[in-house]
Each structure stands twice: as C-alpha cells, then as structure tokens.
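Participant: Residue numbers (this note's numbering), protein chains in the order written: chain A, 508 to 708; chain B, 16 to 211; chain C, 35 to 339; chain D, 4 to 441; chain E, 633 to 822.
Simulated from the structure, these hints should not be mistaken for lab results. Hints are not guaranteed to be accurate.
Unchecked claim - Label-pair restraints from in silico Cβ distances:
#, chain 1, residue 1, chain 2, residue 2, range
1, C, I108, D, V6, 50 to 56 Å
2, D, Q69, E, E796, 35 to 41 Å
3, A, V632, C, W326, 55 to 61 Å
Unchecked claim - Straight-line distance between alpha carbons at most 27 Å, and here's what the computed DSSO-like set of lysine-lysine pairs gives:
#, chain 1, residue 1, chain 2, residue 2
4, E, K799, E, K664
5, A, K513, A, K706
6, C, K229, D, K7
7, D, K200, C, K283
Note that CB positions come from ideal geometry on N, CA and C, so glycine has one too.
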Amino acid sequence: MGGLMKEFFKGLWNDNPTFRLQIGLCPVLAVTSSALNGLGMGLATTFVLICSSVLISLLKNVIPSKVRIPCYIIVIATFSTIVDLVMHAFLPDLHRVLGIFIPLIVVNCILMGRAEAFASKNSVVSSALDGLGMGLGFTWALTLIGAIREILGSGSIFNHKFVADTAATFGFFSLPPGAFVTVGILIAGMNIISARLRKAS
Amino acid sequence: MNESVRMIVVLTVIAMVSGGLLAWVNDWTGAIISENQLQAMMASIQEVLPTATRVEILSSSPSTLVEEDPDQAREVEQATTEMFIGFDDNDRPVGYAFVGEGPGYGGAVRVLVGVDGASGKILGISIVSHAETPGLGSRIEEESFRSQFVGKTLNDPIALGRDIDALTGATVSSRAVVQAVRTGFEDASIAYERSR
Amino acid sequence: MENLRLIVTPSPHVRDKDTTPNIMFAVLISLIPVAAASLYFFGFNALRLILLGGAAAVATEAIFQKVRGRQITISDGSALVTGVLLALSVPPTLPSWMIIVGSVVAIAIGKQVFGGLGHNIFNPALVGRAFLVASFAQPMTTWTGPFDTVTRATPLVVGAARSSLPDLFFGSVPGSLGETSVLAILLGGIYLFYKGIIDYRITLGVLGSAAVMSFLTGANPVFELFSGSLLFAAVFMATDMVTSPYTPKGRWIFGIGVGFLIMLIRTWGSLPEGVTYAILIMNAVTPLINRWTRPRIYGQGVHKS
Amino acid sequence: MSVKTFFGGIHPNYAKELTAASPIEVLSAPETVVVPMLQHIGAPAVPTVKKGDKVLAGQVIGEAPQPISAPVHAPISGTVVAVTDRPHINGRSVLSVIIENDGQNEWVELDTHPDPVQLDREVILSKIRAAGIVGMGGAGFPTAAKLTPPKDATIDYLILNGAECEPYLTADHRLMLEYAEDVILGAKLMAKVCGAKKIIIGIEDNKMDAVAELQKFSGAIEIALLDTKYPQGGEKQLIKAITGREVPSNGLPFQAGVVVQNVATAVAVAQAVRDGKPLVERIVTVTGPVINEPRNFLVPIGTPLQNIVEAAGGFTEEPGKVIVGGPMMGMAQVGLEAPIVKTSNGILALSKAESHEPNVMPCIKCARCVDVCPVYLLPLRLEAFGMNEMWDEAKAYGAMDCIECGCCTYICPSKRPLLQYIRVAKNQIVAASRKKSS
Amino acid sequence: MELFYIFIGAVFVNNFVLVRFLGICPFMGVSKQTETALGMGLATTFVMVVSAALTWLLQWFVLEPFGLPFLQTPVFILSIASMVQLVEMFLNKTSPGLHRALGIYLPLITTNCAVLGFSLIAVQGAYSFIQSIIFGLGAGVGFTLALMLLAGIREEMQFADVPEPLKGIGIAFVIAGLLSLAFSGFSGLV
Ligand SMILES: Cc1cc2nc3c(=O)[nH]c(=O)nc-3n(C[C@H](O)[C@H](O)[C@H](O)COP(=O)(O)O)c2cc1C
Ligand SMILES: Cc1cc2nc3c(=O)[nH]c(=O)nc-3n(C[C@H](O)[C@H](O)[C@H](O)COP(=O)(O)O)c2cc1C
Ligand SMILES: Cc1cc2nc3c(=O)[nH]c(=O)nc-3n(C[C@H](O)[C@H](O)[C@H](O)COP(=O)(O)O)c2cc1C
Ligand SMILES: Cc1cc2nc3c(=O)[nH]c(=O)nc-3n(C[C@H](O)[C@H](O)[C@H](O)CO)c2cc1C
Ligand code: SF4
Ligand code: SF4
Ligand code: SF4
Ligand code: SF4
Ligand code: FES
C-alpha cells in the first residue's frame, strides 16, 4: 500500500509537473489569471489524465509497441475532446476562458509522458493513482498561481472581490508578463522550500 | 495473428471506438451548446431591445446587404456582420439590433446595439467581446459609458469629444466603441429599411 | 632598506582614476538641470516623487543584498540613479505609494534577480516604469500642466500643430517630470558626453533614426524629437551601459533600433509613446547584437605574405 | 608633419618630466655583478666559465646553444665567485655568473671598423650575433634572428621604435638625444642585413627635441611623428600607424614586410659593428614618486637594483612597489636583489598609496576596455571566459591575439583584473594545444 | 497588405510564445544556447507552415463537409504527428545535412502545443489557404524570435550572479516575463 501511496504523492511535490518537471507549461501561464480558471483547467486535465492512464493501462497488452504512440494520442485526444465538448455544454463561461487550452491537453506532455513512462507499464490501480497524483499536483500548482495572480492583479479570490471596485490593483499580474514572473518566483520559492526540507531531513 | 495485421486492427478499432464515442458525445452536447449560445445572444438582445419578445436573424454576413447596391459595398464590408429584428407579441417589428466592430487597444471591440424601429433611436448597447486592458479599456462595459449612446439617432454626430465623452486614459477603447456603433448603425438602418 | 615589504601584483601597475561610483554620481549631477526644471514646473510633486523614488530604490537594493548575504553596495550610487530616473519618468500626480512600488520592482525584478549591478539585461528603471504602466495605466497616463494640477493632454496627444516650440524647448508643457524641458536635458547630456560617460553612437542613433522616420512618415522631426520622453531616453536611458551593447557597431544598431521602434509605436501603435518598450525590446536584443557585431580582431583576415 | 596613430590606446599620466631632462650618467660598476644566462627569448646561454676563473670585460661567459638564443658577456673584469641560481627580475631563479669586480676595467681586445656600412651583410650579422644583442625594447628577442627572415620574405620597411610610450621612462628619449648618430648608423646596418628597402623611425610627438637631433644625421631616413599614446610603441600598433599594414594574427612582422627594432637595439648594433663592443651595458631610467633623485644611468648589466636605487639617492619613503620596466608592462619586484638585464629599461618606485589594489566592482559593460583595446578584442568578455574556465570560447574570441598591453585593466572603472584573467586563459589555451600535439 | 498584417501580428503583436502562451515547453527547454534555439525555431517554423496547409485542407475539405468538426483535435494531432514523421524520413533521404541540423528537433515538435494550437487558432480565424500559410510562417518566425532572444539572454546569465533559487529555469521565467512586457509595446500595431 505504501508503494501505491508513493505513486500518488510523488506528483504532488517531488515530481510536481509544473514546478519540478517543467512540463505542460502553456496552460500554467495561459489560464491562470484567476484561481477558478486554474482549478478548472487542473481538474479537466486530471480527468483526462486518469481516464487515459486507466485505459492505456488496461490496453497495455493489446497495443503493439510499434503503434503505441498513435494509440496513446487517439486515447488522449478522445478524452480531451470529450472534456472540451462537455465543458462547452455545461460550463460555457469557463470554457470560453480556457479556450483552446482544453483541446491542447492532448499535447500536454504530462499526458504523453505518463502514458509512455507509467501507465503502459503498470497496473490499473497504480496508473490511476499516478494519474490522480500528477493531476492534483498540476491542479494545485495552477490554482495557487491563479490565486496569486488574481489576488494581486484583480484584488479578488475565486471571483470574490475584496477591495473596492475603484481601488488600484497590480494589473501587471493579470497580464501575460505577470504570468511568467509569478511562475518564475514561485519556482524559486519551491527551490527554497525544497532546500530547507532537504537540510532538515 | 500476423504482427502488422494486428497493428492495423488495433489501431482501427481504437480509432473507430474513439470516433463513435466522440460522435455520441457530440450529439449529446451539440444541442445543449447551440441552445446555450442562442440563449446568450437572446439575453443580450433582450437587454438592448427590451420590448421584443421574439427575434429573427436578418443577416449574418455582409454579402446579403451588398447584393443590391454595389455602391455600398466598400463601407458595408467593414460594418454589419450580424443583425437581428425584434418583434413584439403581435408580431410587429419593434426594432433591430446589430453587431458592430471597431479597432480597440487590444484587438477588435464588438458591440451589440439595439435601435427602436419607429424613432430610429438607440435603445441600448452592450459589449459582446473585447480584449481591452482590465481596469482601463475594460471600463467600456460600464453602464455610465454605455448609457451615453441611448437616445442617439443617425442625425446625431455620435462622435468622440462631441456628444460622447471618452473614458479617461482609454481614448482608444472609447473610440472603438463609437466607431462600432456609428458605422454599424448606418449600414444596419439601410438594411432594416429594406427588410420592411 | 633591507626589509622592504614590497607588493607584488601583475601589470599594469597604474589605473585610471575614474571609478564606477564616480560615473554613477556624474549621472546624478547631470540630472540636476532636469530635476531643477521639474521642481520649477511641477513643484512639490517633483520633490516628493524624486525623493521617494530614490529612497525606495536604495532601500530595496540594501534589503536584497542583506538577505542574500552580499556586501551592501548602495554607496556606488547605481540604485539611486535607477530610482531617480524612474521618478523623472512618471507623471507628476502619481500617488506616492505607486512610485515606491515602481522603485521596488525596478530594483528587485529589474536588477537584483539578475545578480545586481552589471548583470541585468533590461533597464531597471524602465522595467519599473513598464510595470507601473501595466498595473496602473490610468494614473500613469494622466498628465497635468505645469504650475497647476489640471489634467491636460501632452504635446504628443495634442499634436505638432497645436504645440509651441519655445514651450517644448523650455519645458512648459504637460508630461512626465523629467521629459518636458529640452534645454535641461541637453545641458545634462552635454555634461555626460564631455565626461565621456555616454556614447554618442547610441544618442545619435536614436535621434537620427527617429528624425529620418518622422521625415519619411510626414511628421515634423523637430516636434517628434522635442516631445515626449524621446530626448530624455536618448540621453539618459538608452545610454545605460549595462543594458546596451558593448561593441561599437552594436551601439549604432542599438540606437537606430530604439529610434525606429519609438517612431513605429508612436505612428502605428496604440500607445502614444513607445520609448519604454522600444528600449526594453532593444535591451532584449542586446546579447544577440553583441554576439553578431564582434569587431574584427587586429591581424585576422590578413594574409600572410 | 602629420601625426600618425592607431585605434584604441590610453592616455595615462606620462610623468616623464621627472627624468626627461636628466642626461645619462655613467654608473660605475658595483663590487659584484650577477649576470643571468637568460636575458632573452629562447634557450638560456650555457656558462663557459666556472668558479675561480678570471674574466675580462667583454669576454664571453655564456654561449648560445642554438640560433634562437644569445651569448652573454662579462660587463666588468674580475673573478668568477659563483655560477649558481640567483633571483631574476622575472621573479624566478635563473642560472647566473657572479663576478667580483677587480676594479681594473680591463677589456678584451675589440675589433673596430671605422666604416662599418661597407662591411658584408654576413659579417655584420655575425658581429651582431656575437655581441649578444637582443631586443632592448622589452621582449628581448635575439636581434640576429629577427634580422634573418625566411628567404622568400621581402622586407619593405625597417622601423626603428623610438616611441617609448610607457609612462615615466625616458631611457630611449635620452638615448636618441645623446646617441643620435649611433641610432642612425645602427638603423643603416640592420637595414642592410635584412634587406629593408626603407627605414622609418617612429617617435611620439612629446619628444620633438629627439626628432630634431636625429634629423641632423638622418639623411634619407624618414622620421614618423606618432601621437603620444600608450601603447604606441607596441610593435603591431607601430606597424599599423606607420605603414597601415597589419601583422597577420598568429604571425610575425616579416609577414607584413616589416622588421621592427628598438632604438637602443640600434645603438647596440652600431657599437658592436663599429667598435666591436658586445652588449654589456644599457641605459636605465630610475624614477617614480618615491625616488629621491630620479635620473638616467648607463649601467653595467648585472648590477643589482639596490645599487642603482642608491645611486639615485634612495627612497623618500618606504615604497609600496618597485617595478622593473614601466608601470604598464613592468615586473613588480619582491626585493632589490635581482640584477638589471639587457631588456630592463627602467626602475620605477611607487608609493604605498599608489600600490594598493583597488576595490573590484562588477563589470558595468561600459565598454571602455573595448574602446581602448589596440587589437580590437572584447576584454570584458575574455575576462568572463577566463573566470568561468571557458577556454574554447576565450580562444574563439581571440585571447591569443592579446598583446598584454594592460590598457583594458588600466581604463576599467570597476577596476577589474581583466588582463590577469586573459593571461590565465592564454596559458590554458597553450597548455591544451601542447597536450593535443604531444 | 492583409497578409502583411497577419504576419506582423503573429510575429510581434500576438507573439505565439510571449502573448499567446503556446510552445512554452520548448521555449523554456531549448533556449539555453542560441545555436540550438535557432535550429529548434527553424524546424518549428517549417512544421508550422506545412501543418498550416495540411490542417486547412483537412478542416475545409474533410471535417466540415462531412460534419465532423468535433473530430478536429484527434485528426489534427494525428496528421501533424504523421506529417512530422514523413518530413523526417524525407529529409533523411534527400538532405542528410539538413536532417542532421533539424532532425533532433523534429520529434520534439509533435508534442509542442504551438503547432496544434496554431492550427486550431487558424481554423477559428477562418483564414483563407494563403492567409493560413502566412499565419503559420508568422507564428513560426515569432516563435523563433522569442526563442533566440531568450537564448541570447540566458547565455549571458552564465556570467551573472543570479540568486541560487532562481538559477536556471526560474530566471528564465522572469526574463520571459520581461520580454513579454517589452513586447506589449507592439500592441495595436495591426
Ligand atoms: C499597458 C497599457 C494598456 C492600455 N490599455 C488601454 C486600453 O485598454 N484602452 C485604451 O483606450 N487605452 C489604453 N492604453 C492607453 C492608450 O494607449 C492611450 O494612452 C490612451 O488611450 C491615450 O488617450 P487618453 O489618455 O487621452 O485617454 C493603455 C496603455 C498602456 C500603456
Ligand atoms: C604594449 C606594448 C608596448 C610597447 N611599447 C614599446 C615602446 O614604446 N618602445 C619600444 O621600443 N618597444 C615597445 N614594445 C616592444 C615592441 O613591440 C617591439 O618588441 C620592439 O619595438 C621590437 O624591438 P626590439 O626587438 O629591438 O626590442 C612594446 C610592446 C608592447 C606589447
Ligand atoms: C617565439 C617567437 C618567435 C619569433 N620569431 C621571429 C622571427 O622568426 N622573425 C622575426 O622577425 N621576429 C620574430 N620574433 C620577434 C617578434 O616579432 C617580436 O619582435 C618580439 O616578440 C618582440 O616583440 P615585443 O617586444 O613587442 O613583445 C619572434 C618572437 C617570439 C616570441
Ligand atoms: C549614462 C547612464 C545611464 C543610466 N541609465 C539608467 C537607466 O536608464 N535606468 C537605470 O535603471 N539605471 C541607469 N543607470 C544606472 C545603472 O547603469 C543601472 O543601475 C544599472 O543598469 C544596474 O545594473 C545609468 C547609468 C549611466 C552611467
Ligand atoms: S611600453 Fe613597451 S614600447 Fe613603451 S616604452 Fe616600454 S618597452 Fe617601450
Ligand atoms: S572597462 Fe571594466 S566595467 Fe567597463 S566594460 Fe570593460 S570590464 Fe566592464
Ligand atoms: S585585451 Fe590584451 S591587447 Fe586588449 S587591451 Fe587588454 S591587454 Fe591590451
Ligand atoms: S515534450 Fe512537450 S511538454 Fe515535454 S518539454 Fe517538450 S514540448 Fe514541453
Ligand atoms: S508547449 Fe504548450 S504545454 Fe508544452
């Protein structure tokens, strides 16, 4: 069981896709102007990640290795498209903000990376946990970035404004440059914390 | 099974299952999506044409306007793209709404304008889409800015600095709205007259 | 004479007396006419912004160096230059807390994250300014006239036809603190040039290409050079040596590029003034310019007879 | 006359007024002289005397083992008291012959020629080689070797280097004033040997009196006035300023059709061929803010620094640095024990205040070092490569073309030790290429 | 003129990397050296132009006429991936030199969302065939430009005393942010 939990926890910190592996970066920057957008994108990605991990793990003995990449692409693309359509139908506002980054989940290399490196070699349960951990690691990173940018840039959190409408906020953080700078500084923060943890242990 | 036959079979099966699944999801969501979009548009039109209970789409591309009057072609090209006519309970046209577009600070600003059919006065405008700077250009969405257009007719200047005040620090965005309203208005009124 | 304790170091054994702190303080001296003009035209606001901008920059630098455990080098004057230049490039009515934020960002994000003096890629004062514009676009684009606090449009917005050349020359026009007086900027620039601190290639490159561009687009070159922050930037900001190329040819390219981009943005962009961005963009190209304009080394490419 | 110059360079405080007007005084030989076997570029000379031998002034005490080397002669008459390693001004220990002065000043028989220009080219060359003459402008390359370029090379110009661009030094200046006739004779002899079509003497325009003096004898020889700027006397800069040509990178001056010789070398050549005198003495400027009575001396080679400083009245205060050579390229000394050699043109003493290493700050990319580099390098970049051990990049950016003039280090407002790191890079590049070839 | 605006817009005003946030992974991953950055940029530009043509044909001659726009994502990504494979094989056969220069980058590009993202945007924008191709060229050139600028700056950073926690990717993000800030000066140009 401890082994399984490890599959789950590694995505949250040590192998965090955003802060550690630096993969799947486009949505990290593009859709994090608010915490809610970050959360939505994170959960959508997590959904695709779990589904495709499970499916690929199930099919691992069926798929010939020569065509495995196209197969993975189809599986991932299918789930991305499903998320895209469903979100369009039921969460139209969020869908509009996330825009093409929902279909782009298919090229997010967290997906391909996990399919190739993990799901194709492991059991259904550990693949699901791996996907869940990676997805939640991605989700918390996006939500945190979104929250910071939203607080600084718009003076609100999860769309609840906590400053007067007329108050000046650091609009920089809502804009593209603010996205890059926020992520850069958060990566530095993660490095500091990790260095401390390493020293402590 | 031969290796390459297996490859082809597996790939085909996966692709077909995927295609089928997507087709089903698309069917299921497609209706909801178009319904949503219609609802959203209706809600906006309702906002600018309060008395209308039913809306008809008049034209959704410039070409329908151009056909009869080649002289208008040049202007029309950059103006009205979408136009709607509102009817009251008695199926009498009460006015029309059109989408106008103007170049803003961060890209095109699209504005929905509602006009009273009888008086030719603007009933209200709403901003359909824009990419202006939050807190600066985005203030074109504010009621106080939009309300300046209410009551204007084609005989009014509808010009920045004359009868419309720009938002401080956002002249570009303000001008985009004014231009979207003014140019759209001219073409749309011709189209509306013809349609009656 | 038996027990001489001699110092042994490699040659050369003599050094020029100019030092980096001297250079920074010379820039501050050269800013005196500009600062004086801004005090004259904008009064207390000018004093307030210059003092706060300078102090916040110096304090940020000290804190950053303290946290990093580095030697605190605020006495070299470079942070003060950044703070003062930032203050001189903002509108007179900017709230105090905003100039402080600008200075903190200029030093923290513009300079210290790169490793401090000499390592930064982008002009720190302009990083601070661009941050302020992105965050507080309205206060950063609201100008008041000289001697009063009535909001007025700058000459760039009003246009050449409605601006008086003498007003532009002496500085009696709305604008950012340091940019209005052509005379004061020229005085400072001549001093810097005389002291060998600024490179004529950059300044002439900016002014020359802007003049040519405005001539080609049918604008009035004199008006274009005298209005907005073009001249101020050409003298004090494009010339920041840390963020401009170090090859002779590169400096021409840099200056011409800045002038060209300023006029491009002024003429076709949606910003009335593109100086900040023009310089930041050329700052970004500077490493590539340096790499591609290496001087031919003496004797290379010469055939051995 | 128009003033010629090159691109780059610096204008340090020249401080030549301390000694420019002091005529050359002959310094009598000390009790003992220490004559190093290595005073030139190339293989060290091999001692031909041993402890206890009696020697005459002008007698060979070290033989050249191969063409790129130079024989060494006794500057005085006396007894060899030791042949052993002694401190050299280059900071290392070098095999030296120590001679105790017998006070007789007895000379070997000298072979004189009243009209040396008529001599055969080969004869002149062999006399130059036998006299142990090496470049006296600094590097000490054996003059005979430099005068015999490969057969297929054509030499258009012989340039005499009278620039003396190092601050403080006036040895060459006084030499041109007081030995003008020998300078011209030496030039003619060397031109004959190397087949140069034209002789040009390059002199900085702060020595107009020397120009006037030389013009009395120069005849067809041209004098080129040069801007007063360091390193005007650098061989490559001189060639560029006077002929507009460049020495190919990694090449030698003859490949640009030029041979450059220092004016003191010319005098030594004249005296060797006409008077048969080997190179056993040279002119040295003793100067600096803490020297009691700065002046110029004609000094027997092998005289310890100590004796020369004392002859100039000693120090006014304890010095911080004593340098052999000028302030730009000279060697800082650990003490005053080492002797003067053929290439030492000055002794410079700086005060403690002037000797402290300045506070180093980060490079602000002001490009002053770029603007002064006379070989158009990017010193700031080379320094960074040197510090970060990026030897390949340093090589690609021309580190090996650096002439080590020190202009970059001099001018840097952040007081960065640019040249120091460039030297490190050069050494590493040489070491790497040696390793590859072996 | 229209085409010119599309090109300038894609290169400067709505730079794919700095404003639209597409292709960030290679932007961060392959920008340590200017030489490799140029290789990656050129390879990506090439793939973009080819996939502009390919996806335009697929969209307007296959997906739309058969009522299958919902299959856009899988169809595009599969065809881009196969196209890259073909291009690689083709290059290998015909021009080993070019293959050596660009080959190592080609497989990376398939999973670079700039290419797929570009195709989706081009379809949304309802560009004509020629416009699509120019748009693809602009997107690629814009990507190359941003990549080169970042690489030039990051090379400079090896001499800089960057704070330890920011070293490497952290400072690269800050630099990208400042690049993006500088590029905001281009807004409104077209
Ligand atoms: C970062 C930034 C964002 C801007 N955003 C807008 C905007 O959204 N709308 C606008 O009209 N002007 C915007 N501007 C300002 C315009 O470029 C221009 O300065 C202004 O419209 C000038 O007119 P005004 O100050 O007289 O209103 C922005 C400026 C900057 C620097
Ligand atoms: C930076 C630098 C400056 C030099 N300045 C002089 C000078 O002023 N006078 C001089 O005779 N040699 C000077 N030299 C040495 C010359 O380059 C050259 O070696 C010399 O003139 C050759 O003559 P020689 O072999 O007779 O010494 C300098 C060398 C360097 C590298
Ligand atoms: C290893 C070496 C080989 C040289 N070979 C020759 C040569 O073959 N011919 C020549 O004219 N000079 C030769 N030189 C002399 C140089 O051209 C130059 O005059 C000498 O290094 C002194 O220059 P400096 O005093 O400027 O440093 C050589 C110098 C060195 C260091
Ligand atoms: C001529 C000159 C111009 C300068 N211009 C600026 C400037 O525009 N902005 C700035 O932050 N610092 C400027 N500085 C100061 C200094 O270069 C700056 O603090 C460094 O960029 C920080 O590494 C200038 C310095 C000099 C000598
Ligand atoms: S620096 Fe060189 S050229 Fe100048 S005087 Fe000294 S030895 Fe001669
Ligand atoms: S002179 Fe010094 S500070 Fe200036 S660029 Fe050269 S090394 Fe840097
Ligand atoms: S790099 Fe070498 S040649 Fe250039 S100035 Fe420095 S020491 Fe002189
Ligand atoms: S494979 Fe994709 S996600 Fe991974 S680094 Fe490359 S582009 Fe980024
Ligand atoms: S390139 Fe866009 S997510 Fe990686």
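Participant: Which of the stated hints cannot be reconciled with the structure, identified by number in ascending sequence?
Facilitator: Per hint list: 1, 2, 7 violated.
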